[in-house]
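Chemist: Here is how the chains run, residue by residue.
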Amino acid sequence: MQQCGIFHETYKKDMAIFQTPFIKVWMALFFIFLAIFPFIARPINSIVGTNTLYLANLIGIYIIGAHGLNILTGYTGQISLGHGAFMGVGAYASAILTMRAGLPFWIALPLAGLITAVVGMIFGIPSLRLKGLYLAIATMAAQFIIEYAMRNWTALTGGSSGMTVKSPSFFGILLDTDRSYYYLIYFFVILATLYTKNITRTRPGRAFVAIRDRHLSAEVMGVNVWLYRILSFGVSSFMVGISGALWAHYVLVVSDEHFGIWLSVQYLAMIIIGGMGHVLGAIYGAIFMTLLPELLRIPEHALTTVYPDIFAIFNSLRDGVFGVIIILFLIFEPDGLAARWHTIRNYWKLWPFSY
Amino acid sequence: MQEFWFFLQLIIQGLAIGSVYSLVALGFVLIYKASSVINFAQGELLMVGAYVCLSLIVQFHLPFWAGFLLTMVFSVILALAIERLILRPMIGEPVISIIMVTIGLSLVLKSFVSALWGTQIRVFPTIFPQAPVRFGEIVVSQVYIYTFAASIVFLIIFALFFKYSRMGIAMRATANSNQVALSMGISVKKIFAISWCVAAIVSAVGGILIGNINGVNVTLSAVGLKVFPAVILGGLDSIPGAVLGGLIIGILENLSGGYLDHFFGGGVKEVAPFVILVIILMIKPYGLFGTEEIERV
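Chains as they are written, first to last, in numbering that gives the first Met the number 0: chain A, 0 to 354; chain B, 0 to 296.
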């Protein structure tokens, strides 16, 4: 929504990302916060009682992947239940390239993204003829096939024992602490966010949205639907592959257990809860889905001290709480947190007039 | 000759498991046809059914038939609750929301089951005679034969139900076109609810049958995932397709497990249906009997 009193006189102003000085100031403050967060994390940790820097890093990794899935599902309207496995492809690709082929991290990272993009595009080929349900099932098949390959192609992936990975180094500085890795991750988070924000202003991005809204009309208007569907799979898998590679070099061990269908579901839940087709949606969703288990741990701790037996039950009910939250969001807030945020913001802007 | 008997044995076991897939696939297709909802929680419905029946028999010492009937009643109540509370508000929402809502449902059901019954494997009390029978060189456990027979009986019952009963005809009409059925005086809401009930019943039966062969634990819900290849092969909206697809997937799965395991290091059975699924989607995206959506500009 446009603020009152702002009149755009040029197209350039109309297309600007940060349209008002107010937003620019806020964004600058936000970037300063991002930059100094690792230094103020320690006092926060002692108050909250968990390693917030670690959580921030996880959130960053998930934001990159969620942006990727958002491009595919939110912008192009193609459902993928295989993004968990695609993230695994990125992680394994980077692990194999650095540990087996001996490539430096900085070459392995983009290569891992490209390899994931190729895998994603191969499994995206059915999207040329399928959409909706059929595509969701096809990508689910991709999930299981890739998972099987990760587990059973022992010569390449180390099988069920997984692979160990080394921390990357940057001009001689080993990025092996939470703090140094934080900057690496958030560099890519900002890149991915800018890319996602900008993609809707480009020709392919417009084509994606056109295909989502009505693919037949898009085709009539001269959009090459097949090309852009595959392209969307490629871009999306590339981003999720990068996030997988970053994850691998952060956790330092890659194993197939992390990339099950549960991760795919989590990614979908992120963009649904955050808001599909919004740049902010992926960010909110990643934050929400990472912090929620931490929040659920609080009652769990409180209860285990009183009733030790309840721990096991609560542990299994935690997944159920995830399910309930997904269901409640879909029923009561189908447009996600980003839309809720817009509603709240507009309420204050328009007050006392509600329309 | 030895090879041939091995092959035949794999086929027979595949048929037995496949017939259960057919049952579960039938429930899946019913829900999809009536309400265009794809149900990712089908496997969990199956697992819940198996657990309820198991604990009725083992913990409450009911005879099998009573436990079975009570399980059916429970499944119907569960299905009605799911339909009313979760799916009814989602009418008219995009496909992805409906997929996600059933995934959420599957998480809820799975967590309840593991909270109530734990994760260790439990064995069904023997319902069918276990003694193996011999056909020539093949040795087949009787459980497989009874499973196959029971599923076929249920499939026939449902076929007759759809063909001749008023409700079955109404369900077919609704599946054909919601609006036309509505204008003919059929309560489409009621049909949606009933198709969920039928789906829950066939899943529970499938769960009890598979539970008899493999034992019951949380991984039983993975059977629900095997149903996807079956229905895609048969066509998402075709009941005969679901039955045939289930049988074919069961056989192919068993054959690939029997012959390919030593090439790929085990577990081929788990992934083979999905490889088949991708191949089908590439060649014949709407399956053997599915309605092809023709799109022209």
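None of these hints come from the bench; they were simulated from the model.
Any given hint could turn out to be false.
The calculated label-pair distances, taken between Cβ atoms and stated as ranges, are [what the hints assert, rightly or not]:
(1) B:Pro88 <-> A:Phe36: 46 to 56 Å
(2) A:Ser179 <-> B:Lys188: 57 to 67 Å
(3) A:Glu256 <-> B:Lys283: 31 to 41 Å
(4) B:Gln178 <-> A:Thr163: 31 to 41 Å
(5) A:Leu295 <-> B:Leu84: 16 to 26 Å
(6) B:Gly117 <-> A:Lys165: 52 to 62 Å
(7) A:Glu299 <-> B:Leu79: 25 to 35 Å
(8) A:Gly101 <-> B:Asp260: 51 to 61 Å
(9) A:Leu295 <-> B:Arg121: 48 to 58 Å
(10) A:Ile343 <-> B:Pro88: 44 to 54 Å
(11) B:Pro88 <-> A:Thr342: 15 to 25 Å
Counterexamples of contact, computed for chain B against chain A with all Cβ distances above 12 Å [said to hold, decoys possible]:
(12) Leu61
(13) Ile76
(14) Gly257
A virtual CB, placed ideally from N, CA and C, is assigned to each residue, including glycine.
Chemist: All hints are to be evaluated individually against the structure, with a verdict given for each.
Modeler: Each hint, compared with the structure:
The hinted window of 46 to 56 Å between proline 88 of chain B and phenylalanine 36 of chain A is violated, with their beta carbons roughly 39 Å apart. At roughly 59 Å, the beta carbons of serine 179 of chain A and lysine 188 of chain B sit within the given window of 57 to 67 Å. Evaluation of the 31 to 41 Å hint for glutamate 256 of chain A and lysine 283 of chain B yields a pass: the beta carbon distance comes to about 34 Å. At about 60 Å, the CB distance of glutamine 178 of chain B to threonine 163 of chain A disagrees with the hint of 31 to 41 Å.
Between leucine 295 of chain A and leucine 84 of chain B the Cβ separation comes to about 22 Å, which falls inside the hinted range of 16 to 26 Å. At about 40 Å, the beta-carbon gap between glycine 117 of chain B and lysine 165 of chain A misses the expected band of 52 to 62 Å. Take glutamate 299 of chain A and leucine 79 of chain B: their Cβ atoms lie about 32 Å apart, and the range 25 to 35 Å holds. In this structure, glycine 101 of chain A and aspartate 260 of chain B break the distance hint of 51 to 61 Å, their C-beta atoms being roughly 34 Å apart.
A hinted range of 48 to 58 Å is violated for the C-beta pair leucine 295 of chain A and arginine 121 of chain B, which are about 28 Å apart. Checking the proposed 44 to 54 Å range against isoleucine 343 of chain A and proline 88 of chain B shows it is violated: the Cβ atoms sit about 23 Å from each other. Between proline 88 of chain B and threonine 342 of chain A the CB atoms are about 19 Å apart, so this pair conforms to the stated range of 15 to 25 Å. At roughly 26 Å, the least C-beta separation between leucine 61 of chain B and chain A is larger than 12 Å, which holds for a residue marked as non-interface.
Every CB of chain A lies more than 12 Å from the CB of isoleucine 76 of chain B, the least distance being 19 Å, so the non-interface label holds. Under the 12 Å C-beta cut-off, the non-interface status given to glycine 257 of chain B relative to chain A holds; the minimum distance is some 17 Å.
Hint compliance for this structure: hints 1, 4, 6, 8, 9 and 10 are broken, all remaining hints hold.
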